[in-house]
Amino acid sequence: MNMIQAINSAMDVMMERDDHVVVMGEDVGYFGGVFRATAGLQKKYGKTRAFDTPITEIGIIGVAIGMGAYGLRPVPEIQFADYIYPALDQLVSEAARLRYRSNGDFTAPITVRSPYGGGIFGGQTHSQSPEGIFTHVSGIKTVIPSTPYDAKGLLIAAIEDNDPVLFLEPKRIYNGPFDGRYDRPAKNWTAHPASEVPEGYYRVELGKAATVRAGEAVTILCYGTMVHVVASTIEELGIDAEIIDLRTLVPLDIEAIETSVKKTGRCMIVHEATRTSGFGAELSALVQERCFYHLEAPIERVTGFDTPYPHSLEWAYFPGPVRLREALKKIMKD
Amino acid sequence: MSNRPNLPPLSLHVPEPKYRPGDEADFSDLQIPAAGSAPRPATDVHPSAIHDLSYGLVRVLDDEGRAVGPWDPKLDPDRLRAMLRAMALTRAFDERMYRAQRQGKTSFYMKCTGEEAVAVAATFALDRDDMCFPSYRQQGILISRGYPLVEMMNQIYSNKGDPLQGRQLPIMYSSKETGFFSISGNLATQYPQAVGWAMASAARGDTRIAATWCGEGSTAEGDFHSALTFATVYRAPVLFNVVNNQWAISSFSGFAGAEATTFAARAIGYGIAGLRVDGNDALAVYAATEWAAERARTNQGPTLIEHFTYRAEGHSTSDDPSAYRSSGEPNAWPLGDPVRRLKDHLIRLGEWDEDRHAAMDRECAETVKAAQKEAEKNGILGHGLHQPFETMFEGVFEDMPWHLKEQSDQMIAERKAAGI
Ligand SMILES: Cc1ncc(C[n+]2csc(CCOP(=O)(O)OP(=O)(O)O)c2C)c(N)n1
Numbered sequence: 000m001n002m003i004q005a006i007n008s009a010m011d012v013m014m015e016r017d018d019h020v021v022v023m024g025e026d027v028g029y030f031g032g033v034f035r036a037t038a039g040l041q042k043k044y045g046k047t048r049a050f051d052t053p054i055t056e057i058g059i060i061g062v063a064i065g066m067g068a069y070g071l072r073p074v075p076e077i078q079f080a081d082y083i084y085p086a087l088d089q090l091v092s093e094a095a096r097l098r099y100r101s102n103g104d105f106t107a108p109i110t111v112r113s114p115y116g117g118g119i120f121g122g123q124t125h126s127q128s129p130e131g132i133f134t135h136v137s138g139i140k141t142v143i144p145s146t147p148y149d150a151k152g153l154l155i156a157a158i159e160d161n162d163p164v165l166f167l168e169p170k171r172i173y174n175g176p177f178d179g180r181y182d183r184p185a186k187n188w189t190a191h192p193a194s195e196v197p198e199g200y201y202r203v204e205l206g207k208a209a210t211v212r213a214g215e216a217v218t219i220l221c222y223g224t225m226v227h228v229v230a231s232t233i234e235e236l237g238i239d240a241e242i243i244d245l246r247t248l249v250p251l252d253i254e255a256i257e258t259s260v261k262k263t264g265r266c267m268i269v270h271e272a273t274r275t276s277g278f279g280a281e282l283s284a285l286v287q288e289r290c291f292y293h294l295e296a297p298i299e300r301v302t303g304f305d306t307p308y309p310h311s312l313e314w315a316y317f318p319g320p321v322r323l324r325e326a327l328k329k330i331m332k333d
Numbered sequence: 000m001s002n003r004p005n006l007p008p009l010s011l012h013v014p015e016p017k018y019r020p021g022d023e024a025d026f027s028d029l030q031i032p033a034a035g036s037a038p039r040p041a042t043d044v045h046p047s048a049i050h051d052l053s054y055g056l057v058r059v060l061d062d063e064g065r066a067v068g069p070w071d072p073k074l075d076p077d078r079l080r081a082m083l084r085a086m087a088l089t090r091a092f093d094e095r096m097y098r099a100q101r102q103g104k105t106s107f108y109m110k111c112t113g114e115e116a117v118a119v120a121a122t123f124a125l126d127r128d129d130m131c132f133p134s135y136r137q138q139g140i141l142i143s144r145g146y147p148l149v150e151m152m153n154q155i156y157s158n159k160g161d162p163l164q165g166r167q168l169p170i171m172y173s174s175k176e177t178g179f180f181s182i183s184g185n186l187a188t189q190y191p192q193a194v195g196w197a198m199a200s201a202a203r204g205d206t207r208i209a210a211t212w213c214g215e216g217s218t219a220e221g222d223f224h225s226a227l228t229f230a231t232v233y234r235a236p237v238l239f240n241v242v243n244n245q246w247a248i249s250s251f252s253g254f255a256g257a258e259a260t261t262f263a264a265r266a267i268g269y270g271i272a273g274l275r276v277d278g279n280d281a282l283a284v285y286a287a288t289e290w291a292a293e294r295a296r297t298n299q300g301p302t303l304i305e306h307f308t309y310r311a312e313g314h315s316t317s318d319d320p321s322a323y324r325s326s327g328e329p330n331a332w333p334l335g336d337p338v339r340r341l342k343d344h345l346i347r348l349g350e351w352d353e354d355r356h357a358a359m360d361r362e363c364a365e366t367v368k369a370a371q372k373e374a375e376k377n378g379i380l381g382h383g384l385h386q387p388f389e390t391m392f393e394g395v396f397e398d399m400p401w402h403l404k405e406q407s408d409q410m411i412a413e414r415k416a417a418g419i
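If you read the sequences in order, they're chains P and Y.
Just so we're aligned: 265 in numbering that gives the first Met the number 0 is position 266 of the first sequence, and the numbers increase by one with no gaps anywhere.
Just so we're aligned: 189 in numbering that gives the first Met the number 0 is position 190 of the second sequence, and the numbers increase by one with no gaps anywhere.
Hints may contain errors.
What the hints assert, rightly or not - As a list, the in silico DSBU-like pairs of lysine-lysine whose alpha-carbon atoms are at most 30 Å apart:
no., chain 1, residue 1, chain 2, residue 2
1, P, Lys46, Y, Lys17
2, Y, Lys415, P, Lys332
3, Y, Lys17, Y, Lys159
4, P, Lys329, Y, Lys372
5, P, Lys42, Y, Lys17
6, P, Lys328, Y, Lys404
7, Y, Lys415, P, Lys328
In case anyone wonders, no lab produced these hints; they're calculated from the structure.
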């Protein structure tokens, strides 16, 4: 399965198991979503469980919260993560705090799915990585898969979770892992072991990182599309790096990070989002607080630039192999 | 679940369009008032006196190509011909750029086929220095105002001639000089901005007004409603255009509330004047815009115009409409083709003929082709990078702060080290 099919399968499995699960969003019903993630669900489960919505992100999230308060498990889709911003108030002020402010009387068991990230010539409003905005908010879990297998297992765990979860899908690798090509998205997951996705139910626990590659020389913390960019660059350079795919940013698998950095003594952080106040800054602070005396080099961050995503220069913006190689040279210097 | 078996269970209504792929589209039950039947009130009318106009359909051109009734703007033939040409040129431009995207010359394109009158006729009825806050389907504004086609194409190709330096998605133009506000990819954000511009113009005692456009799907966004609230409170000199082309990607207008009421009637709750107009009738669009502009200019406040039209082609080059709607719909659409209707009108007036029209179409195609050749000299998307890398860091702020300078330097050094 590719990642889209795995995500579709997760919703299918959950809708089958629990008739409280509903999917909703712009174009998700009859058409099955502009990326086809919800294809077939309306046909199988009917219009009251998989439906199109008006084009109002704040409405979609507010309504999902209300449905959640009734007892449903809504899985709203925001068509592109860039369009989460109109929904911010409902997510930040409402979904995130409902449990806390009502002392558990009301909760928002919603899973907000949204494709994010660049590398598809989407311009400024189809390319952003907004995770840092949400990891800054108390009360929302943030999950970002990097493989079809994880996408399905994590999405199932997210739908079963009783807290609001933001589930960001790296659309650059929907159809295939990053293959080093700059001129077109990769098309094929089938050669990748993580494309072996079971048809039925399984979970990948939230809050647990995955060690993509064990190594001794440097710890590389990454997630989403960047896992693949990092893995292929490391392979090419033959560096004995330990690559950790965080998978869940909140709650974070701090144990995995700490253990690895204490072992390797070096830490590099890679994400696509802009640098300033990005999630990399949090990771860097955590590593500094917990592993300072084990560090043999300054922590290195490879991130997007602090500019909007430029359409025609998006390959220069995207933290690709060129920037990774230079950063690795720097961190491995002495 | 509540446990009251004596009560009937509730049911949830989820709208469904009449026709899906495989169905035969039939619009014969659509209520289309006769051309000329809608009254034209004085422009200082109180909004509460014209609620009917929010539910009817202002139409000028009848089936025979005659201009009839009180809304006939009585334009002289030169102006009609200019309008016809701008619409034909818009269509020719769309055709060519759609093809360019299919040929891999750019990443994305959006046509406005079947809706040309909405942007073109409105622009003809506005003053050249009125400010437009369009969505992505009003390329007709730029074309009507004579903005160079080459510049539009440079933007579409993100090439080295691109006035926006390759920063924006193709078709997201911006030209202050042309009175064309920078297009956002986020729907409906331009609505309150247009109101703000109009309020500023009023506060400063200016004479210029603002106009804005969004699709019917976008009326669901909060921005739309905030805009209407501000506009009514401050009686802002602004024109709200809702382009009801029936479809928002795969979602039909019912998902924006069309089963319950019209989009023009959104105005009523706000105490704003509302008009529902045949959007495929260039004269009706012109007349309604002229009427609303006069209201705005005489401090009578905002007007909301629903343009009832049909999106004849896909939503964008990323869309396949045959996956969700009947393929027969565009042809079954009862309000016809806006270009053809205006052409028929001019022919009926004795001011135009088929030969001249064919010649004009050829001339438009040639003009577009020549512009394309010119633009492609500046490059096409993907064939090399046309902007120097460091331009990425310019224009984020007026002056570049240290951290952007540092990131820029770092990128240059990295690329140099990598030998590229
Ligand atoms: C805030 C926001 N949400 C979602 C989208 C994705 N999107 C782009 S166009 C579109 C449909 C708009 O339909 P409508 O307003 O009817 O305009 P039309 O395309 O029909 O002219 C959607 C959902 C977006 N661009 N911005």
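Evaluation of the provided hints:
For the proposed pair P/Lys46 and Y/Lys17, the alpha carbon gap of about 15 Å is at most 30 Å, so the pair holds. With a CA separation close to 18 Å, the supplied pair Y/Lys415 and P/Lys332 stays within the 30 Å bound. Proposed proximity of Y/Lys17 and Y/Lys159 is contradicted: the alpha carbons are some 47 Å apart, above 30 Å. Taking the CA atoms of P/Lys329 and Y/Lys372, the gap is near 46 Å; set against the 30 Å cutoff, the hint is violated.
Of the supplied pair hints, the one linking P/Lys42 and Y/Lys17 holds, its CA atoms being roughly 17 Å apart against a limit of 30 Å. This hinted pair checks out: P/Lys328 and Y/Lys404 have alpha carbons roughly 22 Å apart, not beyond 30 Å. Taking the CA atoms of Y/Lys415 and P/Lys328, the gap is near 14 Å; set against the 30 Å cutoff, the hint holds.
Hints 3 and 4 from the list above are not met by this structure, while the remaining hints are.
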